[in-house]
Amino acid sequence: MNLVVTDLVQRFPAPAGGGRTAGSVTVLDRLSLATGEIGTLVLVGPSGGGKSTLLRILAGLDMPAAGDVAFDGEPLPRDEEGLRCYRRTVGTVFQAYNLFPHLTAMENLLLPLVHVHGLTEAGARARVQAPLERFRLAEHAHKRPAELSGGQKQRIAILRALVVQPRRLFLDEPTSALDPEMRAEVLEMIAELRAEGRQFVLVTHEMAFARRVADEIAFVADGRVTCGGSTEAFFGRPADPRVRAFLATTLVP
Amino acid sequence: MVFAAAVAVAFSRVDYDWNWPAVWGYRRKFLQGWLVTVAVSLSALVVSGLVGSVAALMLRSGNSLVEAAARVYVELIRGTPLLVQLLIGFYVVATAVGLENRYVAGVLLLSLFSGAYMAEIFRGGLDAIPRAQIDSGRAIGLTPWQSLRLVVLPQAVRLVLPAVAGQLVSLVKDSSLLSVIAISELTLNAQEVNAFTYSTLESYLPLAAGYLMLTLPLSALARWLEHRFRYEIA
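Going line by line, the protein sequences match chains A and B. Position one of the first sequence corresponds to residue 1 (our numbering), numbered consecutively onward. Position one of the second sequence corresponds to residue 254 (our numbering), numbered consecutively onward.
Just chain B, same shape as in the assembly (with noise of 0.2 Å):
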């Protein structure tokens, strides 16, 4: 409430001259865009899941060679800017193994990049289920798949929720990114609506919006879930 107040009198303070019907001119170009942020973040979100699920498992492998390999792309990814990954996956390795769609290669590099941070989340929350656990689900003779599906998952899912809907939500945000390789989403169309209009604030406010379009139910769709897998621990 305090930070919704001072926002509205640091507005009302600004000598600005607002111009909102050139921008409503270009309402069609927001929406597009929206659509294709739209598309490319829940893409991504799906083939991030992957990823770091696949990464988390060889993190945990047991093998040193598969779990080196999987932290060397850990750490890569985390410890270098999205922008730079976006940048040279783009234009130098998808170019050179002959991926021309900059879609495709946008959601591929944006997953790489999320997927990471998911490995690690999944990574701890597989390794906060209790040995005895395990252990109980080896005494009732469950193979390693069954202890993993029917025992590990399904309480790790319950502990990695608020992480991973954290980690959502700013896959949607970091999809803006996409405009530095020139994919015609929410940001990129916002930037050339400025550029058009010279109304930077009436440009970028619907941005923001469009992006919390997304974000709030995502975040209200964790909170639901957590809400629903909650239960005691014994």
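If we strip away everything but chain A, and leave its shape as in the complex, we get (with noise of 0.2 Å):
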């Protein structure tokens, strides 16, 4: 994928205090962000610096104030309706609570395929019967989200996300709710799936993981990208006096 941001801006609206009509925050301040022709863009930088609400703009959930949003060429729609169908191609994941509580994670999976891509019940079972089986989930299809480990829960919902077949998946934080041995069987997973060439677009904190599958890397902070390439540049030699200070509190290995 080819992903080209340009002047993008997001407000909030301030949170309001003693009875004042607040303004806005501007969260995203023009940010601008090309890459190459790569198959894993990894968002990094400190909290509140706009990685997630770039992300969220990125996968057609929110519209930014302004700016324009291409991926190979195609610009983003600009309507509720055209975001939708787009939202329809692509995959997303939240940090957590992204399973539906009352179902079981078959039926989280089937919804999707049966509700959104018009597949029967039986056509939609035949689809991720391979898939559940694979990432050793099949055992679990049948429990529901609260019986499941955080790891699996996860798991389910990248693998809800995938069985659409989506052109690429968001990830936003999809370790960061997890315990450590958790994370290791979804950063495994992530992993296994951008080496047989599924693309992403991930926001995380596991800097060692980013360095591993990013071909490149954009630094969020300020709401702009401050220092943005090749995952080696970045990491290697960052000229950007701040990355380094970050790098140095996120202890790379």
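Read the hints as simulated data drawn from the structure, not as lab findings. Backbone N, C-alpha and C define an ideal beta-carbon position, used for all residues, glycine too. Treat each hint with caution, since some may be false.
Said to hold, decoys possible - Here chain A is said to cover these stretches of chain B; the calculated rule only asks that three of the stretch's residues, wherever they fall, bring their Cβ under 8 Å from a Cβ of chain A:
{"no.": "1", "stretch": "277-284"}
{"no.": "2", "stretch": "394-405"}
To be verified - Chain B is nowhere near these chain A residues, computed Cβ spacing over 10 Å in every case:
{"no.": "3", "residue": "Ile38"}
{"no.": "4", "residue": "Pro46"}
{"no.": "5", "residue": "Ala96"}
{"no.": "6", "residue": "Glu196"}
{"no.": "7", "residue": "Asp215"}
Please dock the two separately framed chains into a single complex, following the hints provided.
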């Protein structure tokens, strides 16, 4: 994929205080970014810097206040209807609470296939069977999310995004809410999918993992990409002193 | 148990000439009144569910005019006595619009009353569904209507069941006030039997039993549904 972001602006209403009408907070401040022809883009940076906000716009969940986004030269739609169609061609996984708690893991997987992509129940079951077995989740398919471990939940969520055969996956800190031992199983799954050519845009704080899977890295801080480019250059000799300071605190091996 | 014993003792101490045979003569009248109460309650139960659903959706429509209209309805109804609503609703409003069937008017007025409470219960249930669930539904490409039907409602139903059950029990008992617009339901018939026989307790005890025969199964049904919809939150 090839991603070009131009002068992206996003504002949110400021938290109101003291009964006064509050203004807005600028979260993305004319953010620009252009990648080469890559498979995986990793967004890193300090909390509150705008990574997740950027990812939500890329995934078609939020509309930006201004600016342009184009994947492979194709601009993102500018209306909710168009964005919904776009969202059906991509997959998104959040930090937590992706699965619907009233449905079993299997029903969670079937829901988008049946209700969004028009498969029959039998057709949908046939499609999810092999991926479930491959990722050793078949024995848990009958369970509700509350009966699954955090790692299993995230892997089911990734599968749910995957079985609709999306063009690419957006992952927003997919392991941040997990215990260390569960992090490994989720990261392993992502690395495996990436190795077979799946495209990803992901936000993560796992710097070692970012280094392993990223083709390019964008450092998002204060609503801008202050440093971006190839993974080797980013970790090798970052020009931006903020990136050096960030890397120093995130314990890169 | 203690409560039952206390009531039993209280009744045994009362100096009262029981005259059950006089009231027994009116058993058909009780039955007819009870059937009217059943019919009116069940109708109002369905209609108030519809009214409550519509008002709840209006309350969270995002359109400030629609929200304000629903808010005025809810506050006006919840802030005034049902007795006044029935009297004004029937003798002033229903008459003005030419609605002469007091049973239809009664069901509508009772539904509007109960619907206001239902609306707030439903709204609370819908609001309790986490933002992340809505986002997940959008992420897989659900339309807003699909998201409501497949994601939000199934989870909200479980949350609102106990409160809705309580509201329905109240609705059945509130139907007794329909006697003020001369709907011949159970309470009106019990009052009439009392007037004919001067046997107050013998008239009103069957009245209480008649309502319990409706409200106890309703509560049991709600408990059963609650059990069926039970699952742990992830």
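Going down the list of hints, with the structure as the test:
1. 277-284: Our answer is that it is violated, as 0 residues pass the Cβ test (under 8 Å) against chain A, missing three.
2. 394-405: Since 6 is at least three, the answer is holds.
3. Ile38: Nearest chain B Cβ is 23 Å from Ile38 of chain A, so the label holds.
4. Pro46: 23 Å, holds
5. Ala96: The claim breaks: Ala96 of chain A does not keep its Cβ more than 10 Å from every Cβ of chain B (closest is about 7 Å).
6. Glu196: Holds: least Cβ distance 22 Å, greater than 10 Å.
7. Asp215: Asp215 of chain A is indeed farther than 10 Å from all Cβ atoms of chain B, at 24 Å.
The earlier numbered hints that this structure contradicts are 1 and 5.
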